[in-house]
Amino acid sequence: MIDKSPLVEMDKGPSPVGVARRVAPTLSRPIKLRLAGVSKAFRSANGTTTLALQDINFEVREGEFVCILGPSGCGKTTLLNIIAGLDRAGCGDVLCNGRRVKGPGMDRIVMFQESVLFPWLTARKNIEIGLKSRGLSREARRVRAMDFLRLVHLTKFADAHPHELSGGMRQRVALARSLAMDPEILLMDEPFTALDAQTRWILHYELQNIWEKTGKTVVFVTHNIREAVCLADRVIVLSSRPGRIKREYKIDLPRPRDDGSVEVAALSREIMEILRDEIEKVMKEELDEGSCKECDVKCVGVTPDGRPSKTVGAG
Amino acid sequence: MVPRKTTLPKKGLALNPGGSGPAKAHTKKPTPWKNYLAKFGFYAGIVGIWELVCLLHIWPPHILPSPVSVAQTLYTGFEDKSLLIGIGVSMQRLVIGYSISVVLGVTIGLFLGRIKYLEHSLGSAVLGIQTLPSICWVPVATLWFGSGQVAIAFVVVIGSLFVIIISTQDGVKHIPPLLVKNARLLGIEGWRLYWEVILPGALPAIVTGMKLGWSFAWRSLMGAELLFATLGLGHLLNQGRVANDTSLLFAVMVVIVIIGLLVDHLIFATVERSIKRRWGLLVEEH
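Respectively, the protein sequence lines represent chains A and B.
Residues in the first sequence are numbered from 1 upward in steps of one, following the numbering used here.
Residues in the second sequence are numbered from 1 upward in steps of one, following the numbering used here.
Don't take each hint at face value.
[Unchecked claim] Capping the alpha-carbon separation at 30 angstroms, the derived lysine-lysine pairs in BS3-like fashion look like this: (1) A:Lys213 x A:Lys156; (2) A:Lys102 x A:Lys132; (3) A:Lys102 x A:Lys125; (4) B:Lys276 x B:Lys39; (5) B:Lys211 x B:Lys34; (6) B:Lys276 x A:Lys132; (7) B:Lys276 x B:Lys211; (8) B:Lys276 x A:Lys156; (9) A:Lys102 x B:Lys181; (10) B:Lys173 x B:Lys116; (11) B:Lys173 x A:Lys132; (12) A:Lys125 x B:Lys276; (13) B:Lys116 x A:Lys132; (14) A:Lys132 x B:Lys181; (15) A:Lys156 x A:Lys125; (16) A:Lys125 x B:Lys211; (17) A:Lys213 x A:Lys125; (18) A:Lys125 x B:Lys173; (19) B:Lys116 x A:Lys102; (20) A:Lys213 x B:Lys181; (21) B:Lys181 x A:Lys156; (22) A:Lys102 x B:Lys173; (23) B:Lys181 x B:Lys276; (24) B:Lys181 x A:Lys125.
[Claimed, not checked] Listing some non-contacts, in silico: residues in chain B with all C-beta distances to chain A over 10 angstroms: (25) Ala44; (26) Leu56; (27) Trp59; (28) Ile63; (29) Thr76; (30) Leu84; (31) Val95; (32) Arg114; (33) Leu118; (34) Val150; (35) Val242; (36) Val263; (37) Ala269.
[Claimed, not checked] Between beta-carbon pairs, the in silico distance windows are: (38) B:Leu212 x A:Thr49: 42 to 48 angstroms; (39) A:Ser44 x B:Tyr194: 31 to 37 angstroms; (40) B:Lys34 x A:Glu139: 50 to 56 angstroms.
Simulated from the structure, these hints should not be mistaken for laboratory data.
None of these values were measured; they are calculated from a predicted model.
Beta carbons are placed, not taken as given, at the ideal position from N, Cα and C, and that holds for glycine.
All chains should be modelled from the sequences, with the hints used to inform the complete structure.
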């Protein structure tokens, strides 16, 4: 399942920065990721079925930065895991580059909320260990790892172990590692949630910068509205359980954006109004433990060539 | 919550989120020489009292030898090389048995920690057999392998194997699942997963297991040598018993303790500390 294809632009010199951004309007770019009728149900220990995701449909085009926003417990992380191939959709299809996702693969790298650097390896080796899977020589791995450490301004800490780095630095190493793998899609699961506000603010800025330089396709999951508005081209708002797409927002604010700016605040406020209903619903549900009545969803997926695929039961 | 700033930082500025820089690595605190002095004083006191008791002739010397006679026996033992040979032979047996045990134990432990079925089947068997004192294997070992080197190696292996297996398995179980998940996302699979992620991830626990395993191996070896071996430190103990030579018994016991302490302090403690420091697990005590 692992894509062993050599990296594009791997040997084109030391710079990891290759793709010029904003050359073509988003809609004319090819579709990188497509979700069609994705649903997912969990069966709990006492036999009740909870629908976590219901009929999720969206597309992400090349170079797009999409944020999936939703209240906690709406299944955003489940959705990301399904895209990553770490979790299986109950029904529906996930297509990455036109191919159906069957398991984890190096074309979709996930950056998690907590740093998952290997504690026994230095920052540089943490990046190199992934590049080894790409079949790079020792020297090429080293060069590329240093390039990406430079991108996140951490060359000075190349030989430091994760426990010697601050939380923000660890996440930047994780970002460098994810980018160095040159995935088709970079999946980010609330990567800055565990950080303090100042660090997050700086990393938002850096991430925008890096994204503009590298032109990566990003799917970013968060519950933080400002974060979503600050980073995304498009924000997909999920409803509370079961997670459904509630609204989509296109964010056209100029970059780099500051998550404290007036424009971001105004848009965040608008989305907040929508989300408030959802949060209230979650709280109500928690109070009278309403179980799901709509668990027998009709499942319609699509095959890689776009036709509806056969129906399977949710769960 | 959200910092209210209207200006953006300059592009390309090297930033250091967290502000405080790297969490400073543990500062090493040297043991003050006073501690050593106190320790030395304690042991000197013990030896002094011991000598004093002997001088009082409460017990005859073949029951309680004086420190001086023990020191003399040690000296002659090293001079005529009988003690040296004993140490050499015992260490050789130990190293052979222990090496087999480490290789087997770590390998089995890694798989036990990863494969659910093995954990429930072989894992429970390991836990059961582990309760058996290794000396109980001596009769079986002599029947199966005679009273030669193979039997001794067998007892040493069986004495130290299980604790290494259990520690390794435990270490594997405690690797954060997200780390393994992430490794798979990075394309690390199959043997690479075991070699580059599972093994180093469990290494701190493995080293602890190896340390325990070493002391278990040492005990098993002494037991086996006492019962049926020729040469070796255990055999010397047996000789001392037969010859009614208590000072030889004491001398050999002192040697056994010193070897144990040296290996534990010089080798295992150092390795354990350096690994834990590198893994970021060390909480420096003050």
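Structure-based check of each hint:
no.	hint	in the structure
1	A:Lys213 x A:Lys156	21 angstroms, holds
2	A:Lys102 x A:Lys132	23 angstroms, holds
3	A:Lys102 x A:Lys125	29 angstroms, holds
4	B:Lys276 x B:Lys39	27 angstroms, holds
5	B:Lys211 x B:Lys34	28 angstroms, holds
6	B:Lys276 x A:Lys132	26 angstroms, holds
7	B:Lys276 x B:Lys211	14 angstroms, holds
8	B:Lys276 x A:Lys156	23 angstroms, holds
9	A:Lys102 x B:Lys181	15 angstroms, holds
10	B:Lys173 x B:Lys116	11 angstroms, holds
11	B:Lys173 x A:Lys132	25 angstroms, holds
12	A:Lys125 x B:Lys276	18 angstroms, holds
13	B:Lys116 x A:Lys132	29 angstroms, holds
14	A:Lys132 x B:Lys181	17 angstroms, holds
15	A:Lys156 x A:Lys125	14 angstroms, holds
16	A:Lys125 x B:Lys211	28 angstroms, holds
17	A:Lys213 x A:Lys125	24 angstroms, holds
18	A:Lys125 x B:Lys173	24 angstroms, holds
19	B:Lys116 x A:Lys102	23 angstroms, holds
20	A:Lys213 x B:Lys181	28 angstroms, holds
21	B:Lys181 x A:Lys156	28 angstroms, holds
22	A:Lys102 x B:Lys173	27 angstroms, holds
23	B:Lys181 x B:Lys276	23 angstroms, holds
24	B:Lys181 x A:Lys125	18 angstroms, holds
25	Ala44	41 angstroms, holds
26	Leu56	57 angstroms, holds
27	Trp59	55 angstroms, holds
28	Ile63	54 angstroms, holds
29	Thr76	49 angstroms, holds
30	Leu84	40 angstroms, holds
31	Val95	27 angstroms, holds
32	Arg114	17 angstroms, holds
33	Leu118	24 angstroms, holds
34	Val150	37 angstroms, holds
35	Val242	52 angstroms, holds
36	Val263	24 angstroms, holds
37	Ala269	19 angstroms, holds
38	B:Leu212 x A:Thr49: 42 to 48 angstroms	47 angstroms, holds
39	A:Ser44 x B:Tyr194: 31 to 37 angstroms	34 angstroms, holds
40	B:Lys34 x A:Glu139: 50 to 56 angstroms	52 angstroms, holds
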